[in-house]
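Protein chains: 6
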Amino acid sequence: MVRADGRDALDIRPLRLELGFNAWAEGSCLITVGRTQVLVTATVEEKVPPFMRGTGQGWIQAEYAMLPRATQERTHREAVRGRQQGRSVEIQRLIGRALRGALDLSRLGERSVILDCDVLQADGGTRTAAITAGFMALWQALLSIHRKSPFHAPPLKGRLAAVSVGLQNGQPLVDLTYAEDSVIGADFNLVRLSTGDWVEIQGTAEHRLFSRTELNALLDAAEIGLSAIDTIQAETFPEGAVLIES
Amino acid sequence: MVRADGRDALDIRPLRLELGFNAWAEGSCLITVGRTQVLVTATVEEKVPPFMRGTGQGWIQAEYAMLPRATQERTHREAVRGRQQGRSVEIQRLIGRALRGALDLSRLGERSVILDCDVLQADGGTRTAAITAGFMALWQALLSIHRKSPFHAPPLKGRLAAVSVGLQNGQPLVDLTYAEDSVIGADFNLVRLSTGDWVEIQGTAEHRLFSRTELNALLDAAEIGLSAIDTIQAETFPEGAVLIES
Amino acid sequence: MVRADGRDALDIRPLRLELGFNAWAEGSCLITVGRTQVLVTATVEEKVPPFMRGTGQGWIQAEYAMLPRATQERTHREAVRGRQQGRSVEIQRLIGRALRGALDLSRLGERSVILDCDVLQADGGTRTAAITAGFMALWQALLSIHRKSPFHAPPLKGRLAAVSVGLQNGQPLVDLTYAEDSVIGADFNLVRLSTGDWVEIQGTAEHRLFSRTELNALLDAAEIGLSAIDTIQAETFPEGAVLIES
Amino acid sequence: MVRADGRDALDIRPLRLELGFNAWAEGSCLITVGRTQVLVTATVEEKVPPFMRGTGQGWIQAEYAMLPRATQERTHREAVRGRQQGRSVEIQRLIGRALRGALDLSRLGERSVILDCDVLQADGGTRTAAITAGFMALWQALLSIHRKSPFHAPPLKGRLAAVSVGLQNGQPLVDLTYAEDSVIGADFNLVRLSTGDWVEIQGTAEHRLFSRTELNALLDAAEIGLSAIDTIQAETFPEGAVLIES
Amino acid sequence: MVRADGRDALDIRPLRLELGFNAWAEGSCLITVGRTQVLVTATVEEKVPPFMRGTGQGWIQAEYAMLPRATQERTHREAVRGRQQGRSVEIQRLIGRALRGALDLSRLGERSVILDCDVLQADGGTRTAAITAGFMALWQALLSIHRKSPFHAPPLKGRLAAVSVGLQNGQPLVDLTYAEDSVIGADFNLVRLSTGDWVEIQGTAEHRLFSRTELNALLDAAEIGLSAIDTIQAETFPEGAVLIES
Amino acid sequence: MVRADGRDALDIRPLRLELGFNAWAEGSCLITVGRTQVLVTATVEEKVPPFMRGTGQGWIQAEYAMLPRATQERTHREAVRGRQQGRSVEIQRLIGRALRGALDLSRLGERSVILDCDVLQADGGTRTAAITAGFMALWQALLSIHRKSPFHAPPLKGRLAAVSVGLQNGQPLVDLTYAEDSVIGADFNLVRLSTGDWVEIQGTAEHRLFSRTELNALLDAAEIGLSAIDTIQAETFPEGAVLIES
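Protein chains in written order, with full-length UniProt numbering: chain A, 1 to 246; chain B, 1 to 246; chain C, 1 to 246; chain D, 1 to 246; chain E, 1 to 246; chain F, 1 to 246.
One thing to keep in mind: the hints can contain errors.
For identical chains, the list gives no copy identity; a pair is met inside one copy or between any two copies.
What the hints assert, rightly or not - With a straight-line cut-off of 20 angstroms between C-alpha atoms, the simulated DMTMM-like cross-links for lysine to aspartate or glutamate are:
no., residue 1, residue 2
1, 157, 181
2, 148, 187
3, 47, 187
4, 148, 78
5, 47, 8
6, 157, 197
7, 157, 206
8, 148, 46
9, 157, 8
To be clear, the hints were calculated from the coordinates, so they are not data collected in a lab.
Work out the full structure: start from the sequences and follow the hints.
Structure representation (C-alpha cells):
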C-alpha cells in the first residue's frame, strides 16, 4: 500500500532534529517530522516541587501548547482564553510521565527539568514528536549538568522515542499525518526505550474497536518506526552516550 | 499470593451498582467498589456541541471531580481554585472517549448525554469505577429515551466495563487499591466491551518499564476482572438488553 | 391545611442523619430530609487562616456546592465555569457564620475545621440541611480531637440546627420543599441553638412583604421545627454530650 | 449613653444624598453617611436576563465593590485578583433582592435596571447605605423612563431604606460605625418600605447569641432610624412621588 | 478657532484638584477637569516587590480602573468579567512609569507607594488626569513620610503633569474632550516635569499619520497646557515644595 | 563608538525575514534580528469585531506572547498562569495600532486580519521586530486576498517598519540589544511608513529625562535604522508592491 505522501505503511516521515536551537536554554531541540514542527526547550532548576522535597529525587515536568496558527484553522490563544485546553493538559501529563520513565530520578538529585513543548506547525503526531524531541532536550540539559557536577551513575535508562500507529482497513500504518489520523480507526501512541522496554501504551478506539491480535500487529509496526527514530537520535548526539546506563 | 484485604491476585473487590440512585437524572448509578464510591448521573440534552451539528450523530461527554474529602488528605475544591486539575481533565476525557466507543453515535440521533462522575470516596480505581458506572447510567438514560421515542436499531455495541491492573514483583494484580497502586510498578487502565473487543488501553510505567510478555500477562488478568464486572452489570439491568446489538 | 406531601403546616420532612458516612474525614454526616440529600465532611487542620494567627482562637470555615444534577435541570459545574456561583458563595458564608456561632472559638485552640457541604440531591432547604448536618460533622470531629487531646472546657454552647419557614396565604409553613419555596411569599432561614438562643435570622420578601406580626408567627413556627430536629440530633450522637456546655 | 461620635444610641449619623451626581447615568446618588461614602448609578437597559425573557416582567440587578483604599488598610483590587470577593457577592445579592422587593416588577415592563454601588470610603454600614442610595438612583431612573413612556400604574410600592443596628451591653445602637461594628455582639441589617412593611431582615450573632426579646428591641430601634432616613429621602426627590403606589 | 465648549485651541479645561479627599489614605487627590473626574489615592507600604528587594531603592506602582458608568454607555465591571481590560493594563503601566520618572527612587528608601486611580466620570483625558492627580497624591504621601522620618535629600525631581494634544485640520488642540478625541487625527499623551524635561511621549496616528513638523507644533502646544497645569499644582500644595530638588 | 557586538551607534543588527515560514497561514514571516527571533502569522477572517460591523471597514488585531524560554531566565507560561501579563497586553495593543495605521481600513472591506506574534527567542527589540515582521505577514496575506478578489485600490499607505533607539551618554544608539536596553537612559520605540510619515512614537524616560534637542537627535538616528529595514522589506517581497499606494 502506498500512502498519500508516497510512504509505505511502515515508514516514518522525514525526521530532522536540531539540537541546541535555542540560545538560552540548558537543552533544546527543534523537531521537524513531515510538516509537524515542535520546539522543545529544557530548563534546569535547582529545586523540586513541594511533594518531592526531601526525597533526594529529582523531577521532570512538561508543558505543551500550540501556537494559534499551528493548525489549518486558527485556534484561540490559551493565554487569552485564560486557561489551557483539556487536550493540552492531557498531552503535557503524558509527556512528563514518559520522560520521567526514561530516567532514574534518584540519580538526578533534587533538581527539576522543565520541558516546554511549543508546536510551531501541526500535521499529526505532535505529542509523539514532543516526546522524541523532549528526550533530546533533556539529554542535552543533563550533559550540561554533568559537565559542571558529574553524575555518579548514568541517570538515563536508555534513549526514549515515541511514535503513533493506527489501523487502516485492518493494516497498521506508522507515523500518521493529520489527514490519516482523521479517517483511521484505532489510534495508538507508543513510547519505548532504546532497550526495547515500554514506557507508555495508549490506544483508543473511539471509532473502531480492536482485538488482541490487532494490538499485536500494531505493536510490531510501532517497533519498526521506533527503531528508525532511535537511530537518528543516537547519531544526533553521540557525546550524550555517557549518560546512558548500559 | 494473598493481598492486604484478603483477595487473590485476580479478584476484584466487592462491587455494588445502585441504579437510579438520583431522583432527577435520566440515568444514574452509585458504584461502590471496596471503599471507592462514585456517583454518576446521566443527563440527556436534545442538542449536540457545535462541532457535531448537522452530522445526524449524537455525542457523549463526561465531567469528573472528587469531593474535597474523598481522599485521605483534603484536596482543594476545584471551583474555589478556579479551575479543574490536570488529573481531572485527563480522566474525564478518558471517560468520554470510552463511552463513545461503546455506542453507535449515528443511531443515537442529534442529542447529547452528559455524564457527571463525582467521587464521594476514593481508594484507588476511581476512573475505572466511573466508566463502569457511567455505562450503567448511560444505559438507563438510553432506555428512558427509547421508551418515549424508540431507536430503530440498538445503539449500544455491547456492555462496557473498565478495570485497573498492575504488576507486583512481575505478577499481575487486578483492581488495585490506593495502597497497592502507590507501590506497584506498571499501572494499566483497560476498557473492554462485553463482546471482547477493546476500547481503550492505557499503560504507564513511570516506575517500572514493561516488556511485551508482561503486557500480555496483564491483559489476560484484566480479562478475568472485566468478565466478573460484566456479569454484575448484566444482572443489574436486564431490561436494558434490548438496547444492545447482538 | 394539608401539604402536597401530606404534612401538616408545622411538620418537618422525614429526617435521617448518617454520622460517619465518610471513611476518611474526622467528622461526617449524610443528611436526608425528604428528597434533599447533603453530604458534609469535617476536616481538622492544625492551623488557622492568617487573620487569626496568634489569637489563640480557632476557626470554622465552610464550602458549599451542588453536584450538577442535584437539581431537576442540570446546572453547569462550577469548576468548569472557573468560579463559584454567587449563590454558593452566599450560602457557604452563612454556614460558616452559623457554625462559628455555636462554638467558643477560644476553647477550640488555634486549629481550623473545614466543612465541605456537597449537595447530592436538592429539593429545597439545602442550606439549612447543610447547617444541621454540618453541626453533626463538626461535633464528631471535635470528639475525635477531644479523645487525643481533651478540651479543658466544653467548646460547644449547645446543639445547632437550622430550618426554613415561609408564609403561604398568611400561614407559616415549616421546612419548605422546592415546589413550596417557588410559590411562597416571604422566605426565612433560621438558625438556633438547643438553648433557645438565636444565631442567625435571614428573612427575605422579594415577592411578598411582611409585618412584624407575621414575623412573630414565623418564628413561633420555626421553633417547633427546630425542636423536632434537635431531638434527632441529640439521639444520633449521645456520646457527644460531653462537649456541650451546660 | 453617648457614643464615641457624640450620638445617642438611636441616632443615625449625618446623612447627605446627592441625586444626579453622575452626568451620564439615568439615575445616580452619592450617599454620605458619617465617613461612609457610596456612589450608586442606575443604568436602564431595554432587555432582561435570559431567565426573565417573555415573562412581561422587569429585573433589577446590583453590583457592589469597594475602591482599594476605601478602607483603612488597602485591600487588593478585585479586577486584579481576577474575581470578586465572597463578601462583595453576598452584599450585591442582598442589594438586588431588597430593591426588587420595593418594586412591582410586572409594572416595570421587560427592561432591567443595573445598580452599580461603588464604595469610595468605608466606615461601617456600606451595604445599608448602598440600598438607601440605590433606591434613590432607581427612583430617578424610573422617572426618566416615565417621562419618555409613562407607566400605567406606579411601579414602586413605597420608598425603601436600610439601616444597621446592633446590641451593645444589651442595648440597641442604630447605624453602627466600623469601630462600633467591630466590638458589638449581634449585628443586624434591616430593610423596610416607607409603608412599614419589611423587605429583608438579616441578623447574625457570630459573637453573641440573641433572644426574641432582644430581637424585638432591635427592630424597635431600627424603625426609628429607618423613619429618619425616609424623611430625608422624601425631601430629596419630591418629584418622584408620582411613581409610588398610595 | 473656537471649540465646542468655547475654549481656544490651546486652552485646558477648568481644572480642580481636591487634595486629601480620602480620609484614610496617606495621600489622595480628586481631580475634576471639565466633566472628567478621577479619584487617586496613594498608599505607602514599607516593602518593595520581589525584583527590587535589597536594592535600597523604592517603587511606585499604579492601578487604573473606570467605574462601570463612568462612561456614557455602561461598561462591564472588570471584577465580574474576571480580568482587567487591555486598555486598563496599558494605562496603569503608563501611570506607573511616569510617576517613577518624577522621583529619585534611591532617595525613597525600600518602600512602595501604590496609586489607585479610579475614574468616577470620563470625558476624555482620564489617563493624563490620573497622572496629574497621581503626582499630587504621591507628593502628599511623601510629605506624610517626611514628617515621620525626614528624607536626607528631596526625593522629587520636579512637579509632574500630563496633558493630551491632537491635530485637527493640521492645527494642535490641547486637552481633548471625548468628542474631540473621537474625530481627531493624531493623538498624543505627554508627560513633563516642571523643570521642562520630558518623561514620556506617546503619539499614535491610527487615523492620520504625522510629520516631524507637526510633531514639533504638537509639543509646543502641549508645553502651554502643561505650564497651566503646573501652576495650579504648585498653588494647591505649597507646603510640598520642600520635597522637590532645586 | 563601537558597541559590544561591534556595531556602530547607528547600525541595525543583521536582519533576516523568512516570508511564508508557516505552511497554513495566509501570511507569515519569521524575523531574525541578532539573537531576537519572532514568528508572526497572519490569519484572514471574513468578519469583523462587533464594534466594526456594518461600517464597511476592516480590522487588524494582534496578539503577542513569548515562549517561556525565549528569555535567559524561564518565565511562567501565560496559559498556565491563566492570563496574559500586562507587558504582553501593552505590546499587542501597540502592534495592532501600528499596523492599522499602515492601512486604509475602508479599502480592506469587512474582514479581519489577526497577527499572532510569538517570540521564539528574545534579545531586545521584540516589539519592534514584531511590527516589522507583522507588516510582512499582513502584506503577504493581503496579496492572497487580492489574488482571489482584487482590491479596487491599493489598501496599504506604504511599507511599515519599527525600530528602537536609546540615549547612551547623550548619544543615540539604534536597535538596542537586551544588554544595552538595560543600562540605557531614555528608551524609544518608533514606527514609520516608507513614505516618511510617522505612525507611532513612544518614548519613555523612567531612568533619565530627555530634552527636545535630544528627542530630535533620537528621531534622526531612528530614521537611519528605519530606512535600512525598509530596503530589506522591499527586496524580500517585490511582488507585493502592487498593494501599496503611490
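Verification of the supplied hints:
For the identical chains of this complex, residue 157 and residue 181 are neighbours neither inside a copy (31 angstroms) nor across copies (23 angstroms), given an alpha-carbon limit of 20 angstroms. In the homo-oligomer, the alpha carbons of residue 148 and residue 187 never lie at most 20 angstroms apart, since the shortest distance is 43 angstroms inside one protomer and 36 angstroms across protomers. In the homo-oligomer, the alpha carbons of residue 47 and residue 187 never lie at most 20 angstroms apart, since the shortest distance is 37 angstroms inside one protomer and 28 angstroms across protomers. In this assembly of identical chains, residue 148 and residue 78 lie within 20 angstroms of each other by CA distance neither inside one copy nor across copies; the values are 37 angstroms within and 32 angstroms between.
Neither within a single protomer nor between protomers do residue 47 and residue 8 lie at most 20 angstroms apart by alpha-carbon distance, with minima of 46 angstroms and 42 angstroms respectively. Taking identical chains as interchangeable, the C-alpha atoms of residue 157 and residue 197 lie at most 20 angstroms apart only when both belong to the same chain, with a minimum of 10 angstroms there against 34 angstroms between chains. Proximity of residue 157 and residue 206 under a CA criterion of 20 angstroms is satisfied inter-copy only: 12 angstroms between copies versus 33 angstroms inside one chain copy. For the homomeric pair residue 148 and residue 46, the shortest alpha-carbon distance inside one copy (13 angstroms) is at most 20 angstroms, but the shortest distance between copies (40 angstroms) is not.
For the identical chains of this complex, residue 157 and residue 8 are neighbours neither inside a copy (31 angstroms) nor across copies (33 angstroms), given an alpha-carbon limit of 20 angstroms.
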